[in-house]
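Novice: First to last, the sequence lines map onto chains B and Y. Going by this note's numbering, the residue at position 436 of the first sequence is 436; the numbering climbs one at a time, nothing skipped. Going by this note's numbering, the residue at position 320 of the second sequence is 905; the numbering climbs one at a time, nothing skipped.
Derived from the structure by calculation, the hints contain no laboratory data. Where hints are given, some of them may not hold.
When the alpha-carbon atoms are kept at most 27 Å apart in a straight line, the in silico DSS-like pairs for lysine-lysine are as follows [claimed, not checked]:
{"hint": "1", "chain 1": "Y", "residue 1": "Lys710", "chain 2": "B", "residue 2": "Lys510"}
{"hint": "2", "chain 1": "B", "residue 1": "Lys504", "chain 2": "B", "residue 2": "Lys465"}
{"hint": "3", "chain 1": "Y", "residue 1": "Lys710", "chain 2": "B", "residue 2": "Lys567"}
Every value quoted in this text rests on a predicted model; they were computed, and no experiment measured them.
2 protein chains.
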Amino acid sequence: MYRTHTCGELRINSVGEEVTLSGWVQAIRNLGGMTFIALRDRYGITQLVFDENTPKDIIALANQLGREFVIKITGKVAERSSKNPKMETGDIEISVSDIKILNKSETPPFTIEDETDGGDELRMKYRYLDLRRNPVRKNLELRHKMGQEIRRYLDGERFIEIETPALVNSTPEGARDFLVPSRMNPGEFYALPQSPQTLKQLLMVSGFDRYFQVVKCFRDEDLRADRQPEFTQIDCEMSFVDQDDILRTFEGLAKHLFYEIKGITFNETFPRITYDDAMKYYGSDKPDLRFGMRFYELTDNAKGKGFVVFDSVEYIGGFCAKGCSEYSRKQLDELTLFVQRPQVGAKGLVYVKYNADGTFKSSVDKFYSQDDLKRWADYMEAQPGDLLLILAGKKSTTLTALNVLRLEMGDQLKLRDKDKFAPCWVVDFPLLEWDEETKRFFAMHHPFTSPKDEDIKYFESDPGKMHANAYDFVINGVEIGGGSIRIFNSDLQQKMFSALGISKEEAEIKFGFLLNAFRFGAPPHGGIAFGFDRWCSVFGGSESIRDFIAFPKNNSGRDVMLDTPGKIDKKQLDELYIQVLPVQK
Amino acid sequence: MYRTHTCGELRINSVGEEVTLSGWVQAIRNLGGMTFIALRDRYGITQLVFDENTPKDIIALANQLGREFVIKITGKVAERSSKNPKMETGDIEISVSDIKILNKSETPPFTIEDETDGGDELRMKYRYLDLRRNPVRKNLELRHKMGQEIRRYLDGERFIEIETPALVNSTPEGARDFLVPSRMNPGEFYALPQSPQTLKQLLMVSGFDRYFQVVKCFRDEDLRADRQPEFTQIDCEMSFVDQDDILRTFEGLAKHLFYEIKGITFNETFPRITYDDAMKYYGSDKPDLRFGMRFYELTDNAKGKGFVVFDSVEYIGGFCAKGCSEYSRKQLDELTLFVQRPQVGAKGLVYVKYNADGTFKSSVDKFYSQDDLKRWADYMEAQPGDLLLILAGKKSTTLTALNVLRLEMGDQLKLRDKDKFAPCWVVDFPLLEWDEETKRFFAMHHPFTSPKDEDIKYFESDPGKMHANAYDFVINGVEIGGGSIRIFNSDLQQKMFSALGISKEEAEIKFGFLLNAFRFGAPPHGGIAFGFDRWCSVFGGSESIRDFIAFPKNNSGRDVMLDTPGKIDKKQLDELYIQVLPVQK
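The following block holds chain B by itself, in its conformation from the complex (with noise of 0.2 Å):
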């Protein structure tokens, strides 16, 4: 037996008791006559101490370990001389009567503590050490428990978790597809799926009106620092619903979380706002609503005074930063080069500061009267203290640059609180979007997104106009997850293929088991897909979902500690019928 307590559990209601205990040797601290060691597993460390009344022999075993050993230990629980109020096993500590070296360990190659002194690359390689630390273990337990709530929830709501395949078919829409080479059908290849998408359309047809799956996920993409070619999804489906069926349904699933997770009783319903207020108002399609300093359009309370960089413009707007009036000449100058950064692109920065006295000094006050000012600071319902942060140029361009410089200033204020939660629905998304490049329509959602019934009629004469029952769900201005209603009415979808100048021989080559299935009596359904992986990081308060991945790739797709992907033996090739192309680099 290697234990009958773990090391998180002691307290100093055991004292006297003997207990066998198994982990980690954390740190060693010898004070001559005491040694005194923290020993440590998942669910805490302990305090073992050895002194003159511990056995010689067991005592030559302790000077022989080193951190990262493994250990067991038997010993007599004892009340701590001097507790430590910070461990939750503080009060007390083991006077150790027997030891067993299960395992040595080398030397880690970074320390194994909150704060460690390992560097990226290093804790990448040596994953299964990182893993060891304190914060990234919690990291895993969040996500553990959040899977677990995430099921409680949906079963109890009469949802049923269905696997579909991960060898599919190849839809050479949306991203890359990872290909699979098939040995018992030389020269043909699966795909790994993108999402499930069409496959629980499928069990709607099925009559499985209510349908999820948390499920793996690939993309052979382009990495950035918060993609992985690898992610997990929470997959639903339902069927005879609208969408607000699926916004109540699963506003249910996220209260549920922020109550069992992170202890937060959401008694509104979440605010829901359309595509077009959250990009006029935010400037983007995920706004952070943990703060307000929404947008105010000035185009035409600031023409026609003379600013000819405000009179040559399509749109002029900005925020009212609450009590920045006391702005420095630096920090005004650093917040206008922050907006001049090729990533962000607005051409200046115009400011005006509501002074405390009610007077207004601004960057425009040449061509700008106090009045003038005064009309603005009122209508961007703005106090005496305040301070007028304003772009102008391209209307579309503006707006992402005003939503850049209004999540600074919400970090430079700190409202954007990591432990406050801001969730919302983004509505009404537009179901096309014009590619200029390709000068046609793309679907923004997917080909089988429905639009908005009364907007059916624009499908001929202005397709852009047209809105879709698709939704995203946001907190704190990430994009959790995202849906819609789909198309289950064959006219209809005929009429979204045109749009996308999709020819029906076409569209029965790429969708043709789909569309298919819905000659059989399709019910309408609509869904909804959650990144798992970022939820998690939204809920741990990281930015990166690396952090909630036991084993993440790198920005090349790698994964440093398995060493993978590899070369692979001539044979092994020749049998999936492939062979590797010469590669130029």
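Got chain B sorted already, so can you dock chain Y onto it with the hints?
Specialist: For chain Y alone, kept in the frame of chain B given last:
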């Protein structure tokens, strides 16, 4: 709103209520003045009635309906004059006042009934329609419930579910890997995991002392009826445990599932049979313990009486078929032919009838006296009225043939009731398996399985004699899971590699990352993996795992519904730096 109730919900206490239901038209009975429609959804069937009180336009619409049309109806719940006790909703019907056709359906290619007229191939092609059928839907509902209960139990036992990657390194041990070319690392490949074996061992090194995962695994093998290229494993691992801890923990899981899913309580500990005994008494490492008929060896007992067949063989053994002494000549001839089939491979069958009057009649009366036969019968614990069935030959093949014969007799005597469950553990598997062809030992489980302490002394002298801390979980003769205590000591691991003829260099290349990890304090650990598909099939009383997979593949690894695998554009392959070799068929 599409519905106020499901089609399985309404009872007599709702009579008089106005309700709205949505679902599929299961059947239409037009009795002239009255029309009855059975409306189906996932939850059941409700009868709709259209009669002289139904508005004319509604009747006109009802007359346009066909099988599998999707409709929404509103009406009043009425008590049926002739109730149907076989239906849960059989006390009521709906007097329809409004109807809306949500979607039409073509006539399905087979009937959507419990017993369908569709053949296997047709049902697989239209799997989404097959899934509408009650028995198939119930299989997936069983699987869902199993999945939830497995998680509930393991979560309660402080197991933490950790997702391991699906894009891993290729390990050319065991079965063939499915490979995935990496676009970002040209000429290199990922492999899909055959199991997360090494990764879960790394998690033990990380200190997650109780891990599980319900995870897709992949093996590129030539398929049999009960194999799929992708399958789901309940993968578990624990630290600081010995074999007994693991068996106890997962016996707990099994009992939980037996109780929650099948309503069966097991008070006793599951039988534990050593591999050697299982082979000796049942000729199989997965004995079906729903019935007895264990084997008795007669080798010493039956030799030396002049019967050349027996005198010349390594092994003679048989079992007693209770109450079968009246088997006819024809039945016995059929059994003889059965064991002589090439896939069984016995030379012949010796029978001894223990007649009700206490006399014996056998196929070897010429060589054995009544006393001889009485001695056999007593040894084999036979009673008057029983039949002894005896095979002889090379020991291993004869035991295997006896196993097949025993199962056949179990079937003939209807002792293999699919609603009866006999779980057991098979323990103490051999550590190594000698391969005659390559003249070397292979690991019977895998190279990290630990030998039994008392057998370590045979590593150099007689490796084949060693037994392992390896165990299988078997229900009704089906292997549901298996696992082992792992080696965590590097000296022992080195001995194991030597026994397997794996050099240090080779070990480094193949298992380097794991051996590396083991240098930093690996705890004692072990685990088990269950075949989730198979466990579902045993609980569901089916021999085919396909019935419990939403979208299975056929024996050529094809999904005939998705029509995958398929050809891929050259452009896509070019991006992956691979090309297809010409295929010679």
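Novice: Determine for every hint whether it applies to the structure shown.
Specialist: Here's how the hints hold up against the structure:
no.	hint	result
1	Y/Lys710 / B/Lys510	17 Å, holds
2	B/Lys504 / B/Lys465	24 Å, holds
3	Y/Lys710 / B/Lys567	37 Å, violated
Checked against the numbered hints given earlier, the structure breaks only hint 3 and satisfies all the rest.
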